[in-house]
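Asker: Sequence:
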Amino acid sequence: MSALGDVLEALRLVEERLDEARGQLAGSRELLGQAVTALTRLDPENPESVVPPGYGRADDQIERSQAAIEQIMGTLRDFAARL
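Here full-length UniProt numbering is used: the first residue of the sequence shown is 1, the next is one more, and so on.
Some clues are possibly wrong.
With beta-carbon atoms standing in for the labels, derived distance ranges [stated by the list, open to error]:
#1 Ala35 to Arg77: 30 to 36 Å
#2 Val14 to Ala38: 32 to 38 Å
#3 Ala58 to Leu83: 34 to 40 Å
#4 Thr40 to Arg77: 37 to 43 Å
#5 Arg22 to Arg82: 20 to 26 Å
#6 Gly23 to Asn46: 33 to 39 Å
#7 Pro52 to Glu9: 38 to 44 Å
#8 Glu45 to Gly74: 42 to 48 Å
It is worth saying that the hints were derived from the structure and are not from the lab.
Glycine included, C-beta positions come from ideal geometry on N, C-alpha and C.
Assemble the whole structure, with the sequences as input and the hints as a guide.
Answerer: What follows is the structure, given as structure tokens:
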């Protein structure tokens with residue numbers, strides 16, 4: 001395999017791993033939402049007493065990570081196309 005072929009294969013593998021990470025983040029975000037729903041049912045009158053205060057921050061971090069992965073994948077695709 002040529003050096004270019006090796007680089008393209010490495011980029012493909014990185015994109016594959018990023019796609020896996022994106023799926024795991026999506027699943028994590030869904031499970032986090034389900035946990036909040038379940039916790040809210042414990043005390044529907046005062047959900048703030050049972051939902052951890054860091055929930056919003058965790059959700060925001062997952063969302064930022066998903067956006068970063070999308071941007072990186074786009075950059076990788078552009079780079080590979082230019083090669």
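Asker: What are the numbers of the hints the structure violates, in ascending order?
Answerer: none
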